[in-house]
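Each chain sits in its own coordinate frame; assemble them with the hints.
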Amino acid sequence: MNWKPIYILIALIATGWLVMVTVTKADPFTCDDAANTCTYRVTATEPTKTSGGGALTNYKQTNIKTSLNGGAFATLAKPATALTGGGQVVQDFTFATTPCAVTSFAVKLSGTNTLNLEGVETAAVGSPVTRDRTTDPTCAPGIVTGVVN
Amino acid sequence: MRTLALVLWGLLSVSNVDAATINAASCSQSAVTTAIASAVRNVDTVAVPPGTCAWSGLTVTKGITLRGAGVASTFITTTDNALNYLPDSTARSNDEKLEISGFSMTSSFSPTAGSGIIHMDNTDPAKVVSFAPIRNIIIHDMAFHSVHCASPCAKQIFFEGNIYGVIYHNTFDGNYFISMHNGLGYADWLAYPSAPGTYKAMYIEDNTFTPNPFPYTEAGQGTSFYVQRYNTWNMSSLDVGDMADCHGEQGEGGCQGMESYGNSILGGTFNDQLATFRGGQGLFFFNKADNQYNLQYQENHQCGPEQIMNTYDWNNYYGSTLMLGSETADVGNCLSRNVSYWSQNVSYNGTSQIGVFVGSSLPGSCTIGDGAWITAQTTGSSMTGMVGRDPSTPINGTLYRCGAGNNWTAYYTPYTYPHPLRTGGTPPDTTPPAPPTNIRIATRSNGE
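Chains A and B, in that order, give the protein sequences. Under the numbering used here, the first residue of the first sequence carries the number 6, and numbering increases by one thereafter. Under the numbering used here, the first residue of the second sequence carries the number 294, and numbering increases by one thereafter.
Note that these hints are calculated values from the structure, not bench results. Careful, some of the hints might be misleading.
Distance windows between CB atoms, simulated [as the list claims (entries may be wrong)]: (1) A:140 <-> B:731: 40 to 50 angstroms; (2) A:72 <-> B:425: 32 to 42 angstroms; (3) A:125 <-> B:401: 53 to 63 angstroms; (4) A:62 <-> B:488: 14 to 24 angstroms; (5) B:352 <-> A:96: 38 to 48 angstroms; (6) A:87 <-> B:697: 55 to 65 angstroms; (7) B:655 <-> A:139: 40 to 50 angstroms; (8) B:385 <-> A:88: 41 to 51 angstroms; (9) B:366 <-> A:81: 22 to 32 angstroms; (10) B:702 <-> A:131: 42 to 52 angstroms.
Positions of the beta carbon are idealized from the N, C-alpha and C atoms, including for glycine.
The shape of chain B in the complex, shown without the other chains (with noise of 0.2 angstroms):
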């Protein structure tokens, strides 16, 4: 009987390993390999000491923490790519997490399309269709760089597939930042759609872009939507580009849309864009530029149902003057201000006048499809605390969207701010809520 007792114990003592550290001997590739090898999946931490190494193509294959000393501390550089996340089947099953923080990877140029100094992917081998999206991807406290290169060049960070998670504290500086592609079509696009102002989505937060030329973090052909939301943008005169981009109808499946909010664009002279937006929906929004920045809307091929929609624009500023989207490429004729999209109007009277409303209450009057952001924050160019890295106070307030009859519907909430992977790390509760109970309906008239 003791035997058996003291088998169970080890049994049950398996199964709830305790975290440990690993330590890998150098920063080298292989003694990194290795120290993965032996750690325990969605549990162990593999710590990196300080030194310079060059890695090419590192793989991981479950989720694990990867921990360099820091950023002054634990150098990696790579010719194209450094590390590849390519989780198994368990690792998808488990939704394992991936933590990676504390390195400086440092990529020199490289022209090869489809390949990043991080790369993730969550299609199958292959390339038919994407797995169910991971959502526990978390990379902070990094320092990427890259040098400049014409397009298509190698990313900083590449996403294959629907992959969510939070990229936060970091800087980047060189050009294209993050990608996210995977070129499945339509149906990925279906299969796994958006939902604005959840967990859905890759959250680039808290993080500094110093952009040489042709900056630019991207979504296209199908994968995740994503978010850009209080980061700080140090811009020179040598800038020329796009903040972000969203690809439209490309016949391998749009961009699933983003938004963008709380962003702080520095300096630059040129006249260039917040974003070249050009497919799915998107929500724009106290963004605040120093010089001329625009807001595009363009449909470059063709129409389709992957093409700009349900996408609203308001409060966002370069210097005091209010930046509007506009529509600057529309082939077959697919877009239509307040149709497609809908932008700020300061005049505002639900009739005449529409678009999106801004203010502390909604207006009494509006038209089908008009926006309303409803806000205790004072609005306006000034935006103190509320843009950049850190903001001492977070956007917040509700999207409100006009139905018929006058009948405004909660539309749009932003996200838990900060992101909860980064104060649990723990996965969000995905599961609905039971539904209400004792459900009755009496006359009002009988007291109930």
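Isolated chain A, as found in the complex (with noise of 0.2 angstroms):
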């Protein structure tokens, strides 16, 4: 083998991308299952624009509807950052999962304007998501739990 040295590097920087990659993806559910809870941060852009194309001057606040367990949706506002929209919203939620249990959590957002009308609702990509936790250790097939042989 006769590696040039720059082959080298672009290798390591490829791996190393490579792992990060893979670290990032590996457990998108960071969890506390100590602590039977998630924490889900919730981003999105404001809108720019009305439902009709026009420039958006009137922006009130976005609406964040979440729903656990496929259960009715609540619905949290955040402030418009400015009438014309265009900033950033983020906002955490934090839920209880279950152990030995799948719990999904589902997010869609809508504008409402200064007049109240509010917009079409739109999912957030991937919504809903799961925490699947049948595999806990404690789930496990053949392990019962509170029987003392």
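Next up, the structure:
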């Protein structure tokens, strides 16, 4: 093998990059199973247009609608960063997970103007996300808890 | 080729008409009718010169600006109905703007229910349904006069159907000032629902009312939500009646509801009503009277879907006494405090003392349905600069409503003041926002 240093460097960068990507994607639900919670961050960009395509000048709020396990959606209103929209929306949500069960968390967003007219709802990419704890060690087949031999 | 270019230029010119002012030859009904006929819809102004003329049913069917020479110059008299606005299908579909100003209009007694010095009708001729709301009605810098009559009698301005806009900087003296009514039932009530804090109402702001007995503005049997704000009422010892009325469950469609705030009621010695409120959603706040006035909640007929609901009152005073809404009639036992309506509670703690809280920050505890008016402004009876015509310090704040788990959510903020139609004359933007973009969910620990 007659590797030139540049190729080695490229290989290392590529390897590192791949490792980094792998770490990022390895566990998108880095939750605290000891505490039985997951914290998710919802991010979005406020609209700058009306649904008719005109410039938005009366943006009031972003409505973040969340649902746990397919239940009813609850709405959290985030005030607009400006009447013309365009700002970033960031909101954290912490919810409980259940051992030996799958917990799902769905998110959709909409905007409302100062006339209190709400636009259409759009689901977040990948929504709903799930936290599958059916493979927790304590849930493994054959292990029966609460029984003394 | 040159000919074709000229033709195209001509067509383009026609499509971009410049506004013109058409001067009526006199203030006579025939002269004004002729001028209106030649006016380009939704573009031109018809100017009416000084004089005194009698009108009876002058009809306008398209959006125009109709301008008198001023309340001290152009006098219109009528024995019943001076002007009818009956928008045609084009005017309705284009939501054309009608602006009327600069007239003094006087009605002599006429016991005709369903008429008005100015009458606007946005219902179908068969009176089965309302048309979609028209939103660009502006009446300003006018003087209206009428003599006393027993009910029923002609109104000064009478609306039928759903009509939104603004009535400002006018003076009204006499009685039965503004009425909204159509008698089209609950289907109509449902078709065009109210939306407090939005353009979806007729705004009556910055006017001066000098009532002769039986003062009234009212709405009932369907038709628009209305807002009375920042008006000055000059009362006398003769006055008796309601400053505002909203009809209830009477079989023809109740009142959608109303907002009343920033009004100043000066003088008067009778025990009158800020409002007799009988149907729909009401928001009554920051009204101030010299002498005792009451806010009545009533159901006079039967329970039903149009009865009083989601109604709140706070920071209304006569003298230094807090004016609280009170139930004075309840046929069918339909109404309940803290269920149908909520009033200010100065001892509010969210548990044993509930209703409406007023302050600068939200309480930690609340009971479902409670209201909280949160403001940085001074509250209490002084309301300096906050009430009456052309306030120097318009009311500013947000009404929050309590949900489950001591969770307050913003519920209502007053609509833009002055009304946007006053400053720009352009239709409100009614298109909702496009959806947010780039929506992502990520675990927080990933540092996103």
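Against the structure, the hints:
1. A:140 <-> B:731: 40 to 50 angstroms: 32 angstroms, violated
2. A:72 <-> B:425: 32 to 42 angstroms: 34 angstroms, holds
3. A:125 <-> B:401: 53 to 63 angstroms: 54 angstroms, holds
4. A:62 <-> B:488: 14 to 24 angstroms: 19 angstroms, holds
5. B:352 <-> A:96: 38 to 48 angstroms: For residue 96 (chain A) against residue 352 (chain B), whose Cβ atoms are near 56 angstroms apart, the range 38 to 48 angstroms is violated.
6. A:87 <-> B:697: 55 to 65 angstroms: At roughly 32 angstroms between Cβ atoms, residue 697 (chain B) and residue 87 (chain A) fall outside 55 to 65 angstroms, so the hint is violated.
7. B:655 <-> A:139: 40 to 50 angstroms: For residue 655 (chain B) and residue 139 (chain A) the Cβ distance comes to about 41 angstroms; the hint holds.
8. B:385 <-> A:88: 41 to 51 angstroms: At 30 angstroms between Cβs, range violated.
9. B:366 <-> A:81: 22 to 32 angstroms: Violated: the Cβ-Cβ distance is about 57 angstroms, outside 22 to 32 angstroms.
10. B:702 <-> A:131: 42 to 52 angstroms: Check failed, 27 angstroms falls outside 42 to 52 angstroms.
The structure shown violates the earlier hints numbered 1, 5, 6, 8, 9, 10.
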